[in-house]
Structures are given as structure tokens and as C-alpha cells.
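Colleague: If you want the building blocks of each chain, they are given just below.
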Amino acid sequence: MAAVAHVETGSSRASGLARLGIDRARLVRAGTSAAVLLVSLGGILALWKWGSRAYGVPLLFPGPAEVADAFMDDLRKGDITEAVGASLARIVAGFTIGTLTGIVVGLLLGSSRVLCAMTAPLVTFFRFVPPLAWFGVVLVWFGAGESAKIVLIVYTSLFVVALNTMEGVAKVPQDMVRMAGVAGARTWQRLWMIVLPSSVPYIIAGARVAMGNAFMTVVSAEMLGASAGLGVIINNGMTSTAVPQVFAAILILGFLGLGADRLFMLLMNKAGTRLTYGRGEVA
Amino acid sequence: MSVDTSAIAPLLQMRAVTYGYKASLPPIMEDIDLDIASGEFFVLLGPSGCGKTTILNQVAGFVHPQRGELLVKGERITKPGPDRAVVFQGHDSLLGWLTVRQNIEFPLRVAGVAKSQRRRRVDHVLELVELGAQEAKFPHELSGGMKQRVQIARGLVTDSRMLLMDEPFGALDAQTRSSLQLELSAIWERERRTVLFITHDIAEAVILADRVGVMSAGPRAYLHSIVTIDLPRPRTRTPEFNALVDRLEATVTAAKARRPLEKEDAA
Amino acid sequence: MTSSRTLLGLSGVLAAVLLWAAGAALTANTALLPGPVGVAGSFGELLAQESTRADVVGTLRRAALGFGIGTAGGILVGAAIGAFALVRRLLNPYLNFLRMVAPIAWIVPATIWLGVGEPSILFVVVYAAAFPVAINTISGIASVEPDKLRMSRAVGSSPGGTFFRILIPAAVPYVLAGARLALGLSFMAVVGAEMVVGQSGLGHLIYSARTFSDTSTMFAGIVLLGLVGYLADVVFLTVRRTVFARYNAGREVG
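Residue numbers (my numbering), protein chains in the order written: chain V, 135 to 417; chain E, 1326 to 1592; chain D, 20 to 273.
The shape of chain V in the complex, shown without the other chains (with noise of 0.2 Å):
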């Protein structure tokens, strides 16, 4: 009864929002929430300006002024967008080829029982090989060029993808697989047409990851050895030349991070409840 009144009786502030689509609630949730953002995040500037000037070097520990001075001033000579550029085109080559191939692997061994149990004990093993530990063999396979570094990507790529979608062909439901017998449905009609869109929400999870495991490769690597990335930028403040560019860079992956990451997340809800509807969560 009273909810009734209320509705009924509401401010003319708040029926003007209704009308234009917004939920008052939701506003203000999401208002606080920036808020308290806000307000943290001068917490931590005042902090680390605190920090940066108890350590006393200003070389060695810049404080967020120094950061974005040194920001700017890179932006401009356009060192960053080089670093960004370098390291994000490794990360997109690799990526993609080691995605894409590791689609077409996961669905050949996923729908063979024998190639499945004949891969299985060099597959649990080589999980355990960090990528980034043959990079020392790429290194002499491939010389110190870009190809090097994409290949490393594309191998971490390609485990992952191939794992998830191995699962994927896995989970697919009997009886769409018998319906697709009934239709006569030769073997690669089955996976086109079947297999590979009823595996996709797993396709999508393993690529987050993959991606995930892309930016950590390609740093080490640089940081190894390139003439221009991300990892550069940090491999240069070791040697104390550049220690603000550092947390610059730290803190452009963590914003590239973040974006690759939302995108997964909006691929995979888009692609979530057209598939997994009805059967349940998936990753």
C-alpha cells in the first residue's frame, strides 16, 4: 500500500528520470561508487606523493607529478605510441594466429577419442613449461627479431585456445549430435555447423586467458631483448635511466589490460545467452 502511494505521489524530479529511461536507484549506486572512486584514487595520489618524497630520490622513486610530466613529454616525441604500437601488434599477431589455430587443433584432436588420449600425457606436461621458458630455444630458432616474440605468443595462444575448445567439443550434447547424424550430416558439416558454435562460450574463455597470458609473454620478452615495446620502457628503468616512463607503462598495460578484458567480457555475454541458455554457466 504504501509502495502504491509512493508511486503515486512521487516527485516530479523522480518521474522526470523514469521518463527518460533511467532508474533513480541505479544512478545513484553508480554515482557512489564513482565517488568513492574518486576519492580513493586522491587518496592513493596523495600517497604515493607522500611516499616519493619520504624515499627521497626522486630518480629512483618519481612521484605522480614526475610521472606525468615524463608522460607528456614522451607522448609528445611519440616514445609511447612507439612502445604501445610495438608491443600491441605483437600481441594482435600473435594472438590471433595462435587463436585461430588453436580453434581448428582443439576441434580435429577434440572430436578424435584416439588423437585425444595419444596427446593427452605431452599436453600435461607441456602445461607445466612456462612459454616464456622457450624463449631461449625461439631465440636461436628464430633469431632476436619480431618473429621470435610472436612466436612465443602465438604457442601460448594456441595451448590455451586449443585446451578450451577441446572442452568444448567435449560437452557437446548427445543428442545435437545424433540430430545432426539424422540430417545426414557429413563429418564436416558437423563440426562447422554443430561442433564449432556449440563450443564457442569455451572458445571465448580460453581466449581470455590466452590474451592474459599474451601481454605477460610479450613483456618478458621485451624486456629480454626488442628495440621498442612496453617491456623496453621497463627494461630501460633497470638500468635507472628512465624510472618514470616505468610506472607510466605499468600503468598503460594495466588500462590496455582492462579494455582487452571488458571486450572478452561483452563477446562472451553476447555469445552467453544465445548458447548457454539452459545449460548452464560455462566459464
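Worth flagging that the hints you see were computed from the coordinates, not collected in a lab. Check before you lean on any hint, since a few could be wrong.
Listed below are several chain V residues computed to face chain E (Cβ distance under 8 Å; list not exhaustive) [stated by the list, open to error]:
(1) Ala-199
(2) Met-313
(3) Gly-318
(4) Ala-319
(5) Ala-362
Beta carbons: idealized from backbone N, C-alpha and C, even for Gly.
Once you have looked at the hints, place chains E and D on chain V.
Modeller: Just chains E and D, lined up with the frame of chain V:
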């Protein structure tokens, strides 16, 4: 109108079909002999564990018998095919990323049927199952009854000889089940296919079937008896209907106990 | 059924080794692609050396220490975020941001704040381990069925009591799943850090072999690393199966 099963060559023949999981264990079913005539609506009735779904799976070609053979139009069944369309018990076979229309036309796309013909055929079955208004919806937006209608439409869209239905209305509420039974009966009268329908619901069997095959309990299940339902369609709860239900109940009781029907079974 | 799987698995390994040997024979360049025999030899040499044992112990020590501290921290932060809405409001944006930064990127600030070498490596490993555990702990606490919490309130338990007697045990399977992830990521972080700034450890061993183009030792080191990682995972699973068995009862474990 009942079917004269003697004159025309049967569409489906089962000869001494025996099925079990392991050779060392007793088979689930043994020496099943059954003929189903072309255009007949045959219902297989029985308790759980008697293997009636497994019979359907063998007719569909999903599994193979240990001994004996299954023939459709005189040829051995070796694998699944569009001539024996299947309506599954659950909704797993519906493709969640495709619309209702796309789900129904799936067998036609696989077979490479041209777009215009596909459109015509799908329009026809959509009208049959009365799903025209939902053709652009996705499976997760449909009710249970609608999802089963999609499966039925998919089963009818090809030139299938047989429609195999595995307890399709089992998971639905009583009301939806009733209306779908009547719908199915009406559809079948328009699109005469041979139907093999599995159920454990006796009333459902009497509403739908030309003949009802009653399975005994397993293991070593056998085909206990075949009861002919000679009532005009659509079927309502007349005294004749109820008498047949009673008779089937008695038969099922005897079949569960794996003994012949006796006078005492009549309630 | 299982015996045929093992048989197939063995045949798969055999096939892989044979392919490898064929490839090595074809390229006939041991610096480029050493054969299985050569690598086996290097492996034996590695095991015989005293320094290898020190390297293995070093890597394990750093990984274990970082894993331990990181897991503990992750549980604390994750539990606080999961249980208290205020903490979640405050920390969530930072958690989601920081976990996107590759752990190795922190090697420079870590060196500045904590000193060169060991402390900075430890920081990187702790960083790598903490986030999966924190995230999974949050999931675990969020997954507790509300009925359990209502029941706890109904029998008169205090918020602290509910926290320790209901929330924490319910979250354990998730925490363990996160810890397993963290174990793998700890190894990744340790190897990376050892390659970049380390003077010892398996990562350093593998990477420094490239100065001699000694691919054979690199492969041997990789095999050793894989074995160590695999064994660590086996140990983890055994502990989970025995010590934490009752927490996983009735659940599908990841």
C-alpha cells in the same frame, strides 16, 4: 481408420532383436519381433528399464543390436538418416544459436536443398505446428511445449518415412501435454508418416495409437502383447476409450510381472 | 577402458619422440635441433651437476615462498572484499585494474622499494599468485547459498561467527581452485623473473644456455622445469584430495 497390417509389406521390421551393454551381462531385451506398417501410428508402452528407448535408438541407428536385425523397407538399418527423423526427449538437440526457422530447416540445409524450396517447406510445417509467430525466436525464449513443436516440425520438414518420438511430452505439464497430443494426432492425420512413439503413459497411448506394443519388464525384456486401438479420431473419453485404457492397464500389470494376461488382471 | 587410454598415451609419447628424432636427423644441426638422445645426455649431465640442484632448489624456494605469501594475501583481500560491501566498493576497481598488469612489469618498482635480486623476484611471484586466489575467494564467498546464511543468523550466530563457520568453509573449494591456478602462475612468474634479473634458478639456467647456443641444455632444462612443475601440481592435488577432502564433497572440482 485402422491400418490393415496384413496385406501391405511392413515399413519397419525387427527380427529377433537382442540388445545388451556387455556380452557378459544378461541382455536388456531379447528376441524382439515386431512389424510396423507404413502410415501406422505405433506406440511402444512399457515400464522404465524395459529398453523401449533403446529400441528407438536402434531403429534410429544410434546403436546396434547384439543379435538380430532391423530393416526399413527391406534394407538393414546401419546408421542414422533423414528417412527416420527423431524427436528427442529433451531439448538438447535444439541449436541455441539458431532461430526456430533455422532450426527447422537444418536438415534441409545439410542436404543442400535450395533456398526457395527450403522456405516453402519450412513455411508449411510452421503452419502445421502453429509456430509461425515464433519463427524468429531463439530456443531459450520458448516454452517447453513450443520447443517440442519445433522438434516435430524439424522431423516433418524432410521426406522422412518414419518419425521416431522418444517420450516427447514427458517433461511437460499435464495441460500442455494434452493439447500437444491432440495437435500431434491432427498433424499426423494430415501428414501421414509412420510413427514410432515411446511412452509410459497409458492414456497417451490410447489417444494416439493405431496399435500399442506393451513391453515386459527387463532385463531380458520381451514384447508382451500388441493391442489394437480401433477408435475414430479425434479421440475423447468415451466408454470405449476407458475400456481400452483399462485393458491396457491390465496388460501392463501382467507385462511388468512378466506373465500372460489373466482374468484377475482386469480391475 | 583406462588401460587402452594409457596405451594410447604411451604410443602418443613414443610417436612424438620418434618424430623428434626424425626431425633432428633431418636438420643434422645439433645447435638448431638436438635429438632426443642428445637432450637425454644433457639432462643426465645437468642432474649430475651440483649447481643444478641448487638451481632447482632456488626456483622451488622462490615459487613456494611467493605462492604461500601470495595465497595468504589473496585469501585475506578476497575474503574482505567478498564479505564486506564497503570494502568491495573501495577495492574492486583497483583489484580489477592491477590484476591486468603483468607481474614481471613490477620488477623495477620492486627493486627500488625492496632491493636488488631476491626481494624483487619474491615480490613478482607474490603479485602473480595473489590475484587468482583473491578473485576466486570472492567468487567462493559470493556463491554461498543465502539459506545457509539465514540459518546461521537464525541460530543466533554473530557476524564474525558466520564469517568463520559458514563463509570460509563454503569458499574453500573455490580458494583451492584459485590456488591451483596461482601455483602455475607462480612458476611462470619465477621463471620470468629469473630470466630477467636472476643469477640462479632454472629460469636463469635455461636462458643463459643461449649464450653458448647450447640448445641441448636448454631442452634439458625445459624438461626439468616441466617435471618440477608437474610434480608440484601433483603434490597440490594430493594435499587437496586428502587434507581438504571434506570441503570438496559432492562438488565438481576444477
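Colleague: A separate judgement is required for each hint: does it hold in the structure or not?
Modeller: Evaluated hints:
| no. | hint | in the structure |
| --- | --- | --- |
| 1 | Ala-199 | 52 Å, violated |
| 2 | Met-313 | 4 Å, holds |
| 3 | Gly-318 | 5 Å, holds |
| 4 | Ala-319 | 5 Å, holds |
| 5 | Ala-362 | 41 Å, violated |
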